[in-house]
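Make the full structure from the sequences, and use the hints.
Protein chains: 2
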Amino acid sequence: MPSAPAPSAKRNKSAPLPAPSGYTEEGNASWYGVPFHGRRASNGETYDMYKLTAAHRTLPFETMVRVTNLSNGKSTVVRITDRGPFVDNRIIDLSFAAAQEVASVRPLLGPVRVLVR
Amino acid sequence: MPSAPAPSAKRNKSAPLPAPSGYTEEGNASWYGVPFHGRRASNGETYDMYKLTAAHRTLPFETMVRVTNLSNGKSTVVRITDRGPFVDNRIIDLSFAAAQEVASVRPLLGPVRVLVR
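For the record, the sequence lines run as chains A and B.
Following the working numbering, the numbering of the first sequence begins with 1 at its first residue and continues without gaps.
Following the working numbering, the numbering of the second sequence begins with 1 at its first residue and continues without gaps.
Simulated from the structure, these hints should not be mistaken for laboratory data.
It is possible that part of the hints are untrue.
Identical chains share a label here; the pair holds if one copy fits it or two copies do between them.
Claimed, not checked - SDA-like, lysine to any residue: derived pairs with alpha carbons at most 25 angstroms apart:
#, residue 1, residue 2
1, 74, 116
2, 74, 44
3, 74, 39
4, 51, 37
5, 51, 113
6, 74, 24
7, 74, 22
8, 74, 45
9, 51, 111
Set out below in structure tokens:
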């Protein structure tokens, strides 16, 4: 693998950090699908929502990470190809395929109002 | 529309209730996708995750309901074709298509652990 370019001082969110094997963190995951499918990921490749990839703010591209859903113990391995999530309280943004691998069978959507027409 | 058969005393979760126009309730939604796609829904038709349908515990099949995500104001109209969700604190289980209509762009998955391999 070629060495990474020197990080830009302007945008530290894209600066690669060392990724020692065994490094771990816990926090919320989100996932991204249709609106981004076929668009460019931060590493330059085309985002394919059916591949096992993820966005992370700092881990170098091509880093392989195991993601375990702490609610149900399901896990998968993804390749870091993108930058994000740029929202507080989220540490990783999974592809649709990766989210499907670790999601519960009936994922929670959140609070709604139901109105009979 | 033919009148509904008399409800079975054994399984009141399937008993149709009157659904007055304007009836409303609020609570959590979940959604169901791939594992159920192509399988039979409670109303006898084949579940198609790409159609705007939903499962509700009591509303009669064919009832049209507007579902509004209280987190972002997005809404859609679904047809009740299935029974569920049979989990506390959830009032409606949306098809994949319906969930996509009202979901945030980057839906929350929940807490995970990330481990660099």
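Self-check item: residue 51 and residue 113: within-copy, between-copy, both or neither at 25 angstroms Cα
Solution: For residue 51 and residue 113, only the inter-copy Cα distance (20 angstroms) is at most 25 angstroms; the intra-copy one is 34 angstroms.
Self-check item: Within, between, both or neither, where residue 74 and residue 44 count as close if Cα-Cα is 25 angstroms or less
Solution: neither (29 angstroms within a copy, 32 angstroms between copies)
Practice problem: Could you figure out if residue 74 and residue 45 sit no more than 25 angstroms apart (CA to CA) within one copy, between two copies, both or neither? | Solution: neither (27 angstroms within a copy, 31 angstroms between copies)
Quiz prompt | Homomeric proximity label, residue 74 with residue 116: Cα distance no greater than 25 angstroms | solution = between (36 angstroms within a copy, 16 angstroms between copies)
Exercise. Classify it for me, residue 51 with residue 111: is the Cα-Cα distance of at most 25 angstroms met within a copy, between copies, both or neither?
Key: This pair counts as between: shortest inter-copy Cα distance 21 angstroms, intra-copy 29 angstroms.
Quiz item: For residue 74 vs residue 39, is the C-alpha pair at or below 25 angstroms within one copy, between two copies, both, or neither?
Solution: Cα proximity of residue 74 and residue 39: across copies only (24 angstroms, versus 28 angstroms in one copy).
Self-check item: Intra- versus inter-subunit Cα pairing at 25 angstroms for residue 74 with residue 22
Solution: Classified as within: same-chain Cα gap 18 angstroms, cross-chain 41 angstroms, threshold 25 angstroms.
Self-check item: Alpha-carbon proximity context of residue 51 and residue 37, limit 25 angstroms
Solution: both (10 angstroms within a copy, 20 angstroms between copies)
Exercise. Please work out whether the CA atoms of residue 74 and residue 24 approach to 25 angstroms or closer within one copy, between two copies, in both situations, or in neither?
Key: within (16 angstroms within a copy, 36 angstroms between copies)
Violated hints, in rising order: 2 and 8; the structure is consistent with all others.
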